[in-house]
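Student: Below, each chain spelled out in residue letters.
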Amino acid sequence: MISPPRWNKTALIIGGTALWGLVLIGCVAANRTLVAPPQVAGAKFVGTKECKQCHEDKTDHFATASHAKLNLADPKLGDTSCEACHGAGSIHVAAGGGKTNIVNPKKSPDTCFQCHLDKRAQFSLPNSHQVMNGKMSCGDCHEVHKGNAVVGTGADLEGMNATCVKCHTEQKGPFVYEHGAMREGCISCHNPHGTVNAKMLVARDANLCLRCHLESAGGGVLNANAINPSAQNHNSRLMQGTCWSSGCHEAPHGSNANYHLRY
Amino acid sequence: MKANFYLLFRSAGMLSSVALLLVALPNRVSAQKQTDAFPTYDSYIKITGQAADITGDKTAFERRTQQPKDGGVGIEDLHLSKDLSKTTTLTVDGKAMTGSEDYLAQINVTKNEVGSVEVGYKRFRTFYDGVGGFFPLNKQWLPLQNEDLHLDRAKFWAEAKLAMPNAPALTLRYTNELRDGRKDSTIWGDTDLTGLAYNLAPNPVTPARKIVPSYINIGERHQRLEAIAQKTIGKTTIELTLFGDQTNNLDTRYVTRFPGEVVPWSIASLSTTVPTGQVASPQAIAKAAVSAVNWNNQIVQSQSDGSATKTSGVTATSDTVLSDRVSLRLGLNYELVHSDLSGDRPIYTTTPTATGPVVVATDNNLGLLGGARVKDFTGNIALELKPTKNFTATLALRAQDEFARAASSYTVVAASGTPATTLASTPRLQWSKLHQNSETPVLDLRYTGIKDLALYFTGSKRSLNGIDQNTSSYNPLTAAVGTLALNNTSEDHGNYKLGANWKASSIFTLRAEIYRKGHKDDYAGYGSRLGDNYLLDSTDTGYKLTAIVKPTMALSFTTRFVSQLSKMQVTGFLPTFPANDSLDGKNYMLGETIDWTPSTQCYVQLNGNAVFNQINTVYPNAGVTVATATASAWNVNGVVQNSNNNYLSGSALAGFVVDKLTDAQVQVNYYHAANGNAVLAAYTTPYGVAVRDVQATVGLKHKFSDKWIGNAKVGYFDSANDTSGGNLNFHGPVAYVTLEHAL
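Chains U and L supply the protein sequences, listed in that same order. Everything in the first sequence is counted per the numbering used here, starting at 6 for the first residue and increasing by one. Everything in the second sequence is counted per the numbering used here, starting at -19 for the first residue and increasing by one.
The following block holds chain U by itself, in its conformation from the complex (with noise of 0.2 Å):
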């Protein structure tokens, strides 16, 4: 007796290689050029002399990016800098510029993927920016033509955490009691690439709190009943939720009304 068949993951696999055989065999048969992205079709490597003629507001100042500190003539990426993550240049150069011919990273992460794996994993994580929908750019907050590439580090005249405050101006204050995490930046408590948690906490429960708010409460001996100076007993709170997620400490970015930012 043979079974009904049913869509299981059996099935799944063993149907999406048959449908993946059969196209593969289609395509052998006709003889016409595919690209992968992120590529230009038909397109060679010119080299950064030629980008330079019209993109010099670029690549004046190439030279103190973080990517500069790359040795980006590498087999994989290309000859050039430039090319490097736009892709071949020939067609472009030769059409005097145009957006559809050369590989924009501003349209598709996958030039920036290409080797920051990581950050592919996290962009298609549930809880992420909308970079890999095109709603969003890497460029959008990072700086790739000059200077740091992570904005606000450094010796920039920017803040730390001015790439974040620039949308979500709500966190930015001023406050009448500011968290002193903030000045850690933003990222202490947030991944901006993704996370599995929601809002891109780097972690959901008590912990995210907890890796700076422990002291012991006397004599070497370690209390889980006091998390602070106070001694509070805080586990009866912490069995409800975390010490945000159980309305205790409802503003972590900083408070206008309580001196513990619980409101």
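Errors might be hidden in some of the hints.
[Said to hold, decoys possible] Stretches of chain L that chain U covers, calculated by requiring three or more beta carbons in the stretch to come under 8 Å of a beta carbon on chain U:
hint, region
1, 342 to 352
2, 645 to 658
[What the hints assert, rightly or not] Pairs of lysine-lysine residues, derived as DSSO-like cross-links and limited to a Cα-Cα distance of at most 30 Å, are as follows:
hint, chain 1, residue 1, chain 2, residue 2
3, U, K112, L, K369
4, U, K49, L, K369
5, L, K369, U, K54
6, L, K366, U, K63
7, U, K111, L, K431
8, U, K151, L, K431
9, U, K204, L, K163
10, L, K141, U, K171
11, L, K215, U, K54
Hint data in this document are derived by calculation from the structure and do not stem from the laboratory. Here a beta-carbon is modelled for each residue, glycine too, at the ideal position from N, C-alpha and C.
Based on the hints, put chain L in the right spot on chain U.
Tutor: Just chain L now, with coordinates in the frame of chain U:
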């Protein structure tokens, strides 16, 4: 018959896979030209329709895919480029997708050696599912009443640039951004409907859990006007920016507590004992009928936070090429911020009382008003040296001085009487001051003198000192000031990384970077608060390895491994609170991408990632029981366990030529996180994420003519969400079709 078809299907798959390997192994990439690939148009329009037939939770589908559950139609992409004259170009970009409410209208006119004018409007939607927590012991799941949650971001901009030869380049830019809609919040309401008894061991475990979903109404506007002038004088380029920035925000969060647990307001005060010969009152009867666990009134709580901030400032930068080997960059920024603060936090029970809805006596505030003022000076200087052809060094320094002060007042309302008959208002006041300055020297080195090897080092060390003063909330009618907090603040942040890029051969490239962040943040009380202390000492150390192996022109392997260990240590008031390790974090990520182009007619891209991410704080190991800690013991506290954020993800993409006019594409995406731990529910709310998503699509792209290209995809999305007890599961087919026309 169906079974035979299934077997046939399976056999066909196996045979065709073997055929694929046999046919595709020869490498013919380099021998082919690519000019016969499908064209890309200079100007085009794409008309798109998309649809989905989802079974299960449709809002979960919307949030996961950021696509509307009912599909949509419209212009996915429009690009028009036209030369108006020999020197003037018009560019138009557009998008108008209903359903996803994704819109773009952008017009740019550029005249060579004169300048450009650009006006644009962009808007897109983000979907939310508005879920709370799931309590696995009794499978409690409380959906949000209004699940229609989404947030629209819109931006209007207008920009004029004047860039004439031998004249200063001038730019005037105005932007107006809106953030409007409703999104979910992770601040949840509580319920007693968890099935937990008060005396469940270990005692006492509260039956209340905060799992009731909540949401925030967002209304935010951000306007900015910038005037930028740039001029090159000799070897120095100077840029001056004047800006005014204004935000108007009003966000309100709504939380419901104890939904479905409405009981008479005064029930707690009533006796269930009925005196002999008397008839029990209705309230007493109600009290006796309701378990003490559920003696809570349903409470509606909202909190609105408003701010109207005006920022004005100036930024000046210069870049001077002193010689072929030396450049100097200078920057200065000044900002002055004025902010008006407002807010309300009324908390009402929904129980009818003699005075109507009753204000809950704690944690409310009404009519918050306040203001803040911030002055910020920032300057930087960078000297870029290139002493030899292969060695560059940058010495930079950033300095910042910030002064901020803020104050606010509000009224607290308390109810008294049973039932509540009296409402008493008390004014509250609070203020803060902050003055701090920091210096950040930075050293950046790069050496490329060794063949096929690039070495680099970047180090920065930020030192901050300041004074942080504030007072706790106090009643100005009865006290001159609240409890003062007087702290000397200091920070010592060192960030260092050392890396190398080695192109070993045309086949193998290796990139490696090691890094270390060592941060100290110190708050030390002074004056009346001498002895107060909080010192956070944190270090992150790690490395990143990227290896690219390209054995042939048609095949490459990219492997990336990231490892990071994090430690934190907290020291409090000494000697009472000595240093204790508060964090032991580990993060390992392994990623692999395989690009394979077996022939010019097909390509395959495979990507996989495995992530192990664990955050371990000391709390899980501290204390012998949940309730009391009478002796040291380890690994016995069930309230908080390690936070595991592990996951696997992968994708496969294959493109094929079907015939001279048709391409095909097959794509599969996979995501799996298995961090759920329902056992924790006895002690706390289990937050671990346990989700498995599979998405598969098959698409065909067909060239109808030189000016028409069509693309159609059908797919299937299956999502299993154990975090929600399966309440967010969904599955179903999705479809997408687009027609692209050359303009």
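Student: Does each hint fit the structure? Answer for all of them.
Tutor: Structure-based check of all given hints:
no. : hint              : result
1   : 342 to 352        : holds (count 5)
2   : 645 to 658        : holds (count 6)
3   : K112(U) / K369(L) : violated (36 Å)
4   : K49(U) / K369(L)  : holds (29 Å)
5   : K369(L) / K54(U)  : holds (18 Å)
6   : K366(L) / K63(U)  : holds (20 Å)
7   : K111(U) / K431(L) : violated (33 Å)
8   : K151(U) / K431(L) : holds (25 Å)
9   : K204(U) / K163(L) : holds (11 Å)
10  : K141(L) / K171(U) : holds (22 Å)
11  : K215(L) / K54(U)  : holds (21 Å)
Of the hints listed earlier, those the structure fails to meet are numbers 3, 7, in rising order.
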